[in-house]
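Peer 1: Generate the whole structure from the sequences, applying the supplied hints.
These protein sequence lines map, in sequence, to chains A and B. Under numbering that gives the first Met the number 0, think of the first position of the first sequence as 0, with each following residue one higher. Under numbering that gives the first Met the number 0, think of the first position of the second sequence as 0, with each following residue one higher.
No lab work stands behind these hints, which were simulated from the structure alone. No false leads were slipped in.
Below are the SDA-like pairs computed for lysine to any residue, each with C-alpha atoms no more than 20 Å apart in a straight line:
no., chain 1, residue 1, chain 2, residue 2
1, B, K137, A, D172
2, A, K215, A, K226
3, B, K137, A, C193
4, A, K226, A, H334
5, A, K202, B, T133
6, A, K202, B, Q294
7, A, K202, B, E132
8, B, K137, A, E195
9, B, K146, B, R53
10, B, K137, A, A171
11, B, K88, B, P278
12, B, K137, A, G272
13, A, K202, B, R296
14, A, K202, B, T131
15, B, K137, A, L177
16, A, K202, B, V293
17, B, K2, B, I212
18, A, K202, B, E297
19, B, K137, A, E198
20, B, K137, A, A194
21, B, K137, A, L173
This one's a predicted model, so the numbers in the text were calculated from it and none came from an experiment.
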Amino acid sequence: MADAKVIPFDDDRSRARRRPGRPEEPSGAGTSGPAAVRALPGAREVPDEPDEAPAAPGPVAEPDGEGAGRAGWERKLAGGLAFLRRRVTGEYEVDEFGYDAELTDQVLMSLLRPLYEKYFRVEVKGVENIPEKGGALIVANHSGTLPLDGLMMQVAVHDHHPAGRHLRLLAADLVFVLPVVNELARKAGHTLACAEDAERLLKAGEVVGVMPEGFKGIGKPFSERYKLQRFGRGGFVSTALRAGVPIVPCSIVGAEEIYPMIGNAKTLARLLGLPYVPVTPTFPWLGPLGMLPLPTKWTIQFGEPIPTDGYPPEAAEDPMLMFNLTDQVREQIQHTLYKLLVQRRSVFF
Amino acid sequence: MGKVVLVTGAARHLGGRFVRRIQRDPEVERVVAVDAVEPAHPLGAADFVRADIRRPAIAKVLAEHEVDTVVHLDVTGTALGAGGRTAVKETNVIGTMQLLGACQQSPRVGRLVVKSSTTVYGSAPRDPAVFTETTPAKSLPSGGFAKDAVEVEGYVRGFARRRPDVAVCVLRFANILGPRVRSPLTEYLSLPVLPTVLGYDPRLQFVHEDDVIDVLRLVAHEPRRASLNSGTFNVAGDGVLLLSQCARRLGRPTVPVLLPAVTWVGSALRTVGLTDFAPEQIRLLTHGRVVSTVQLREVLGFRPRYSTAETFADFAASRGPGLLPPERLAGVVDRLADRIAPGAVPSRDSYDGA
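Peer 2: Right, dumping it as structure tokens:
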């Protein structure tokens, strides 16, 4: 795995090489891969896309003389330059949610990958429980003061799913109020956690990730770690039922300890209009250094999917069924959390 | 017997184009073009009636010409010639009220088409990403053209209740662009350097003026088979462009400004008279707005000929090159590629800017 250490600019191809299961894609992985996914009612292919896409792989496929190293380097450079050319001229596409597949693949995921691979050393289990195609709703626990768990889950699906699926996260409205954060979130494919957006994405056959605990989960004190909070009002279940997609429970271990929240500056939070202002053993005492998360060892386990297509259409209006399904999902995640915690050797290794 | 179509706002560019186009349709016998000012462009064989729709005289025009189809295009954001925001608001709201009153009086009117705008949805970070016709706005527009449009639609709904025999169609247009359209947005996009809001990259949708004319013609006539042409419809080109993409395709550099400063710069520019930077415009350029056009396609059976990107390309072609033309930037990258790795990137000199 020597080549795993370098973070190539045009990393899609190199990942395809690392993972034999994945079919080889043309260099425009950013453009051709998600194009199928992007078959939304509003989206349409720009006609000159095809002559952009094969830019890189064509002329560099002569690895005879200098050896594969130079060819690979040239190919990466060519891919990077083609990418740069598309960026400076604005000739790339975003979907109606503002998801910039190319930027996410080539830049945003590459920025998160060191955190994922080297810092938190995330171990992914059961990624094959996410269906190869069609919509699915991934429901996960939420923790860690800052929503790094969502981002790590996105990298996990992006890098490890055999079909190379993209996770579309549903984020709190606070994300879309903050400058810079909202721009990056939209470009990374996140959208507002509301029934309309979730249903639109699921009906378009996307994999949608949701953390129904919301601020109650992410902002809970350290003493309550790994205790699932109330799962909202179960809106995610009715959305999944209406779209007829399976619910994939997901348990994330390790995120609880990155910022152990021992206190909450409630007055300051109210002043700033934030849901909480964490006080950890290092923050705010060490200043910016206290913002550094603890390097815990993470495990992300995707559980058995819970099918929802067996229910009649009016089931989405049945509150009792909603509560039962919500509890079933919650129990399954909680159970898996306990199992993973028992298996864990230590918080940091 | 053919139809008699009355078009308001005929002195404007879109109104004039629509008047010239609809009179060529075989179902149309006569076109009555109405505006408060003399149009600068020809109107073909249409009868021009100089009337202010804010006055009750409009009822007389309807009766005299035996009008059966009313196309109300005089709902706009900017004044034609002199007149400030007050006059615009009067024409939009009072004008619509008078016109609807006149329509209610007239037994002959059987079809009403009203031009509205997607600004009725507002722009807020807490809104869903895509608006459908039934999405309620989270934050109702507080003023400006957006509020006018909301009020106009309210009066139109009241009229539709009182006259159920009239087919009423409200078209909510996304930002209309075209080589000859002038609006606050086109003025903004024509600035040599585009001020943007720091940390926000709004999603924008455009509709081409040719598509506007076509969809107006479609709803002004009887519905085609297996389609319904009354109700409320969003009209926008396919796809979405980010403001940053627009700026790059136009070749205009952007200057990110802090949100409070944007408001200040906007009002400063407005005072100088450089651009009409209304608060609703700033909200659009902060949070963006995307609408669903499923109803337009499936119920009305209309497919816009231009996508958002194609509309924008047509608009960009009509403007002069900016300070950083995309062709030149692409050339720089290509030259860089040639220098670093000759032969690695196929040279693509034929950049067509599309």
